[in-house]
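Engineer: The lines below spell out each chain.
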Amino acid sequence: MNLGIIDYGAGNLRSVAKAVEYCGATAQIIATPREILHMDKIILPGVGAFGHAMSALAQLDLLDALKTFMQSGKPFLGICLGMQVLFGDSEESPGVPGINIFPGHVRRFPNHLKVPHLGWNQIIPEKSSPLFRGVPEEAFFYFAHSYYAHPVQSECIIATTDYQGSYTAATAREPVFGIQFHPEKSQSNGLLVLNNFITL
Amino acid sequence: MLARRIIPCLDVKEGRVVKGTQFVNLRDAGDPVEQARFYDEQGADELVFLDITASAEYRDIIYDVVAHTAEQVFMPLTVGGGIRTVADARKLLQSGADKIAINTAALQEPELVAACARQFGSQAVVVAIDARRISAGRWQVFIHGGRTAMDVDAVQWALEAEHRGAGEILLTSMDRDGTRDGYDIDLTRAISTRVNIPVIASGGCGEAAHFFDVFENGKADAALAASVFHYRHNSIAEIKNYLKERGIHVRI
Chain A
1 MNLGIIDYGA GNLRSVAKAV EYCGATAQII ATPREILHMD KIILPGVGAF GHAMSALAQL
61 DLLDALKTFM QSGKPFLGIC LGMQVLFGDS EESPGVPGIN IFPGHVRRFP NHLKVPHLGW
121 NQIIPEKSSP LFRGVPEEAF FYFAHSYYAH PVQSECIIAT TDYQGSYTAA TAREPVFGIQ
181 FHPEKSQSNG LLVLNNFITL
Chain B
201 MLARRIIPCL DVKEGRVVKG TQFVNLRDAG DPVEQARFYD EQGADELVFL DITASAEYRD
261 IIYDVVAHTA EQVFMPLTVG GGIRTVADAR KLLQSGADKI AINTAALQEP ELVAACARQF
321 GSQAVVVAID ARRISAGRWQ VFIHGGRTAM DVDAVQWALE AEHRGAGEIL LTSMDRDGTR
381 DGYDIDLTRA ISTRVNIPVI ASGGCGEAAH FFDVFENGKA DAALAASVFH YRHNSIAEIK
441 NYLKERGIHV RI
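These protein sequence lines map, in sequence, to chains A and B. All residue numbers for the first sequence refer to our numbering, where the first residue is 1 and numbers rise by one. All residue numbers for the second sequence refer to our numbering, where the first residue is 201 and numbers rise by one.
Keep in mind that the hints are not guaranteed to be accurate.
Heads up, incomplete: computed chain A residues facing chain B, CB under 8 Å, no partners named [as the list claims (entries may be wrong)]:
| id | residue |
| --- | --- |
| 1 | Arg14 |
| 2 | Ala19 |
| 3 | Ala49 |
| 4 | Ser55 |
| 5 | Gln59 |
| 6 | Leu60 |
| 7 | Phe140 |
| 8 | Tyr142 |
| 9 | Ala144 |
| 10 | His150 |
| 11 | Asp162 |
| 12 | Tyr163 |
| 13 | Glu184 |
| 14 | Lys185 |
Mimicking SDA-like on lysine to any residue, the simulated pairs with C-alpha atoms at most 20 Å apart in a straight line are [said to hold, decoys possible]:
| id | chain 1 | residue 1 | chain 2 | residue 2 |
| --- | --- | --- | --- | --- |
| 15 | A | Lys18 | B | Lys444 |
| 16 | B | Lys444 | A | Arg34 |
| 17 | A | Lys74 | A | Arg34 |
No lab work stands behind these hints, which were simulated from the structure alone. Remember, predicted model here, so these are calculated numbers, not experimental data. Where is the CB? At the ideal position from N, CA and C, for every residue including glycine.
Starting from the given sequences, assemble the full structure and let the hints guide the process.
Structural biologist: Here it is, written out as C-alpha cells:
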C-alpha cells in the first residue's frame with residue numbers, strides 16, 4: 001500500500017508520519033501532483049492559517065490532483081487545517097476558496113468562549129463510521145483550533161464535540177474523511193483512529 | 201466538555217532532565233524521552249520541556265530531544281527557553297513540538313509574538329509570564345528567568361500578549377514558585393477571567409488539593425507542576441481521581 005502524507009509547508013508532518021509508523025505502516029512524504037495520483041491513501045495534515053495553506057497547495061499545483069484523488073474513491077484523511085481546507089471557505093481568510101469537497105463554511109468560535117479550543121475534549125458519535133471502529137464511548141481527543149467547520153449538509157458530520165455548544169469534530173463522504181482533532185497527539189485513541197484509516 | 205489539563209514540567213539542560221521524577225522504575229532518570237514516556241503512561245495531558253541550557257554551544261541539543269520525544273510519545277509537547285526568533289520557533293515546531301513558549305523575547309520584542317502567530321497559528325504560541333505580587337491585586341512582570349524586573353503590569357501584559365496573537369498564557373507566580381504552598385489563586389483568577397485564551401497556572405503546587413483550588417477558584421484551564429510529581433509519590437492518575445471526585449472535569 002502506498003500511503004502519502006502531503007508536505008505543503010504547513011506544520012508538523014513528522015508527528016503524523018511517526019504515528020503512522022507506530023501503527024505499522026510506512027508513509028511517504030509527497031509534494032507533487034504525480035505522487036498524489038500514485039498513492040492508495042492520502043493524509044493531508046496542517047496547522048496554521050487557511051489562506052496560507054490554500055496558496056501553498058496552489059503554488060505546488062496540487063489542487064487538481066487532490067480533487068481527482070478524492071473523486072477516485074480512494075481513502076483520504078484531512079487533519080485539523082487539512083480538514084478545514086476541504087470546505088468551501090473560511091472566516092480566517094475571507095475571499096479564499098477552499099477545495100469544497102464538503103460544501104460549507106469554516107467559522108471562528110464565538111467571542112464568549114476561550115479561543116483557541118485547546119486541550120482534550122470528548123467526541124460524540126453522530127453516526128457509525130469505520131474511522132471510529134473500536135474507539136470507546138466518550139473518548140478524549142486533543143484539539144487545538146480557533147475555527148470550526150460548519151457543513152451545509154449535516155449528514156456528513158460523523159462526530160461532534162461539546163465546547164459550550166456542539167461543534168463538528170469529524171466529517172465523512174466516504175472514503176474521504178476530515179477530523180478536527182489531532183490523532184497523532186491523542187495517545188491510544190488517536191493511534192486507533194489512524195490505524196482504522198490505514199486498514200480501511 | 202473540555203477537560204482541565206494536568207501538565208508536568210521538565211527542566212532540560214544540555215539534553216538531560218535536571219528536575220523531574222526520580223522514581224526508581226525509570227532506567228535513566230535523566231533521559232527526557234524516558235520521562236516523557238513515563239508521564240504519558242501516567243495520564244499526563246501534555247508535557248512542557250523548559251530548556252535551561254546556558255551555554256550556546258549546547259543549545260541545539262534541544263532539537264534532538266524534542267524530535268526523539270515526539271517520535272515515541274503521542275501527546276502534546278510544549279517547549280520553552282531561549283526562543284528569540286521566528287527561526288528558533290520554526291526549528292522546534294519542525295522537530296515535533298506542538299507549541300513554543302516565549303518569555304523574555306516576547307516582552308523585549310512583542311512583534312515576535314505576532315510574527316509567530318501569523319506563521320504557525322495562535323494555537324502554537326504560548327506567552328510565558330513570570331509575575332511577582334507588588335500590592336493587593338497588582339503583579340509585576342519579570343524577565344531573564346526572574347532576574348530582571350520590568351515596569352509592566354502582569355494583567356496588562358497578558359491582555360497585550362493575547363492581542364498580539366498568543367494562544368495561551370503560561371503564568372508563573374514567582375512568590376509561590378518552589379514553596380509548595382499552593383498556586384497564587386488571586387493572580388491566576390485575575391488573568392484567567394480577563395483574557396479570552398487558556399491560562400496554565402504554574403508555581404507553588406505541592407499536593408492534590410492545590411490543583412483543585414487553582415481550577416475551582418483560580419479558574420485555570422490547565423495546571424503545571426514539577427516537584428509534586430518529583431518528590432512525592434503522587435501519581436497523575438491519583439490526582440485526577442481526586443479532582444474528578446470533587447467535580448472537576450478531567451481526562452481519565
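Engineer: Each hint should be assessed against the structure and marked as holding or not.
Structural biologist: These are the hints, each one checked on the structure:
With 8 Å as the threshold, the beta carbon of A/Arg14 comes within range of chain B, its nearest partner Cβ sitting at about 5 Å, so the hint holds. Restraint check, A/Ala19 versus chain B: the minimum CB separation of about 6 Å is within 8 Å; hint holds. Annotation: A/Ala49 was flagged as interfacial toward chain B, and the flag holds, the nearest CB pair being 6 Å apart, inside 8 Å. Interface hint at A/Ser55: violated, since its Cβ lies 14 Å from the closest Cβ of chain B, which is beyond the 8 Å cut-off.
Taken as an interface hint, A/Gln59 does not check out: its beta carbon lies about 16 Å from the nearest beta carbon of chain B, beyond 8 Å. Using the Cβ-Cβ criterion of 8 Å, the hint placing A/Leu60 at the interface with chain B is not satisfied: the shortest such distance is roughly 18 Å. Look at A/Phe140: its Cβ gets to within about 5 Å of chain B, closer than 8 Å, so that hint holds up. With a least beta-carbon distance of about 6 Å to chain B, the hint placing A/Tyr142 at the interface is held under the 8 Å criterion.
Using the Cβ-Cβ criterion of 8 Å, the hint placing A/Ala144 at the interface with chain B is satisfied: the shortest such distance is roughly 4 Å. Interface restraint check for A/His150: the shortest CB-CB distance to chain B comes to about 19 Å, outside 8 Å, so the restraint is violated. A hinted interface residue such as A/Asp162 counts as satisfied when its beta carbon comes closer than 8 Å to some beta carbon of chain B; here the least separation is about 5 Å, so the hint holds. Given the 8 Å rule on beta carbons, the hint for A/Tyr163 holds: about 6 Å separates it from the nearest Cβ of chain B.
A cut of 8 Å between beta carbons decides the hint on A/Glu184: the least distance to chain B is about 6 Å, and the hint holds. For A/Lys185, the interface hint holds, the least distance from its beta-carbon to any beta-carbon of chain B being 5 Å, beneath 8 Å. For the suggested pair A/Lys18 and B/Lys444, the alpha carbons sit about 33 Å apart, so the restraint of at most 20 Å is broken. Restraint check: the Cα-Cα separation between B/Lys444 and A/Arg34 comes to about 52 Å, which exceeds 20 Å; the hinted pair is violated.
A distance of roughly 15 Å separates the Cα atoms of A/Lys74 and A/Arg34; the hinted pair therefore holds under the 20 Å criterion.
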